[in-house]
Amino acid sequence: MGSLFIGFKVAFDTMDRLKVYMDYWQSLPPSKALENLEKSLINLYVLLLRFLISAIYIYEMPTIKRTWKSFWQNEEILNFEADRDKLIGMLEHDAESCDRILSDYDRQNMNHSFDQIRESLKKLDKLQDIQGCIELISEKIDLNRLPIAEGAAFDSYEDQKESKCLPGTRIELQQQILDWADDPDGKCIFWLQGIAGTGKSTISRTVSQSLDDKGLLGATFFFKRTQDDRKNAKKFVTTIAHSLAIKMPEIAQSVAQSISHDPNVLNANLPKQFKNLIFDPISTFSQSSRMIVVIDALDECEKDDDIRKIFELLKQFDNLSTTTQKITLRVFITSRPELLIRLGFEKISRKALKGVALHEIPNEVIERDISIYLKHELNQIRMNWPEEEKFNSLVRMAAPLFIIAATACRFITRQRDIQKGLNIILSGERKFKSRYGKIYQPILDQILISQEDEDEDEDEDEEEEKNFLIEGFKEVVGTIINLADPLSIRTLSNLLDVEEVYVNKQLELLHSVLHIPSKADAPKKLLADSMWMRQNHMEE
1 MGSLFIGFKV AFDTMDRLKV YMDYWQSLPP SKALENLEKS LINLYVLLLR FLISAIYIYE
61 MPTIKRTWKS FWQNEEILNF EADRDKLIGM LEHDAESCDR ILSDYDRQNM NHSFDQIRES
121 LKKLDKLQDI QGCIELISEK IDLNRLPIAE GAAFDSYEDQ KESKCLPGTR IELQQQILDW
181 ADDPDGKCIF WLQGIAGTGK STISRTVSQS LDDKGLLGAT FFFKRTQDDR KNAKKFVTTI
241 AHSLAIKMPE IAQSVAQSIS HDPNVLNANL PKQFKNLIFD PISTFSQSSR MIVVIDALDE
301 CEKDDDIRKI FELLKQFDNL STTTQKITLR VFITSRPELL IRLGFEKISR KALKGVALHE
361 IPNEVIERDI SIYLKHELNQ IRMNWPEEEK FNSLVRMAAP LFIIAATACR FITRQRDIQK
421 GLNIILSGER KFKSRYGKIY QPILDQILIS QEDEDEDEDE DEEEEKNFLI EGFKEVVGTI
481 INLADPLSIR TLSNLLDVEE VYVNKQLELL HSVLHIPSKA DAPKKLLADS MWMRQNHMEE
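Numbering (full-length UniProt numbering), first residue to last: 1 to 540.
Among the clues, some could well be false.
Stated by the list, open to error - Capping the alpha-carbon separation at 25 Å, the derived lysine-lysine pairs in PhoX-like fashion look like this:
1. K315 x K347
2. K275 x K347
3. K309 x K347
4. K351 x K315
5. K309 x K354
6. K272 x K303
7. K315 x K187
8. K234 x K303
9. K86 x K19
As the list claims (entries may be wrong) - Computed beta-carbon distance windows for the label pairs:
10. P167 x K347: 36 to 44 Å
11. R410 x L495: 20 to 28 Å
12. R416 x K347: 53 to 61 Å
13. D213 x E360: 25 to 33 Å
Derived by calculation from the structure, the hints in this document are not laboratory data. Just so it is clear, the structure is predicted and the values come from calculations on it, not from any experiment. C-beta: ideal position from N, C-alpha, C; glycine also.
Take these sequences, add in the hints, and give me the full structure.
Set out below in structure tokens:
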């Protein structure tokens, strides 16, 4: 489609020039030179009409069939322009011949002189840099054909509610990452690993913003298992290539040419896409530059084969940095330390890889950061609360997982009596050994207790009501925990063969520990992020 509009641009410019010569032709008296001018005008019109007829014919073809036609290649448009320029040259020669044989009387009575023609053509030349238009329009249209994963950017609309690091937290780690990015001799890949709930994505968003502010951010891709475009690598390379072409306009033309020469590259395998859309264009880059590509939550890419292919690409990033003299393209990547990912990094050269594990950060640093976070969140509930002893207990209980601190704050916020809510959370410190049991078990116990309190005045048997509540909880929440993929409320009710109101009743008090969509039919909306994560990654 890009070449289509380029061709029309050339055709419209030709029409403008034809009109100038036609106005001159109509003012001329009969002569042999006029006959030659008429023939040149006709030949140019024929060329123009043939082009437009072919353009319309190809345009009306089905998209798939149109792709196989070579008519829309840039060289075809350039050939049309070359033929047109040749005929315009002949037209100018014939017009000059007509001008030379004119008498003084004819010149005085003409509406359009040859000097006026030249002036009009000069104006057209200033307005129409055809070759420049071909490159510019083709580039923009072809780049817009690159499939982009919705929400993959760190500053996307979809993730605008996701948090960044609070000021004063993760300062040493952030500085370490930025120092690596600034170091001209830094390693190609920085791998930040950590178990679920340690705040890796929060760090990625914060670092991405800092790199963007410094002009070092080339592209970002935030994987997310609950989003269709972000749970696999189908649009991984094309999304990164599109962002790099915007950040580095010097390579945009090369990327666009790759698409124009081989439109099928948009659906090709990842190695071919990387070579044609990233490696080759950047290899021709002539200016010194350093760019960072941020890849967050690689473990949330569902297909193991996609992850293996991405590790092949990571090796190519290293090859690119060593091959080119001008451009340094580096990768900051976060993930959980899953086996497949650990094996992938073992195949990366030690000279190219820098690794940091969040669980190796000193406890005092982690507790300091969680303390800052909890103070900020709890001050939203009540200033200078709670007392120091209970606050410190909450910090120790949450460390090293920010997700536990966030869950505790969410639960306390939803309580009518916030002091009672805090005491419920802290009660788990003494009762349970499991890190997750300490936070989640008291919350779940409280839900059952509150339900029993509400039903005290009912005539139904208390024990039967309690058993009914427990069984319902097991049926609904147990299913959520064991599902490989989160479901909407509507789909979950269909799976269990129960009414939606039944599912809603079981979930309505669980907002502290479950993420529940507002719409019953919300597609691919995560229902139980934190709990699903705990169940499926307990070995970490």
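message = Of all the hints numbered above, which does this structure not satisfy? Sort the numbers upward.
response = The structure breaks none of the hints.
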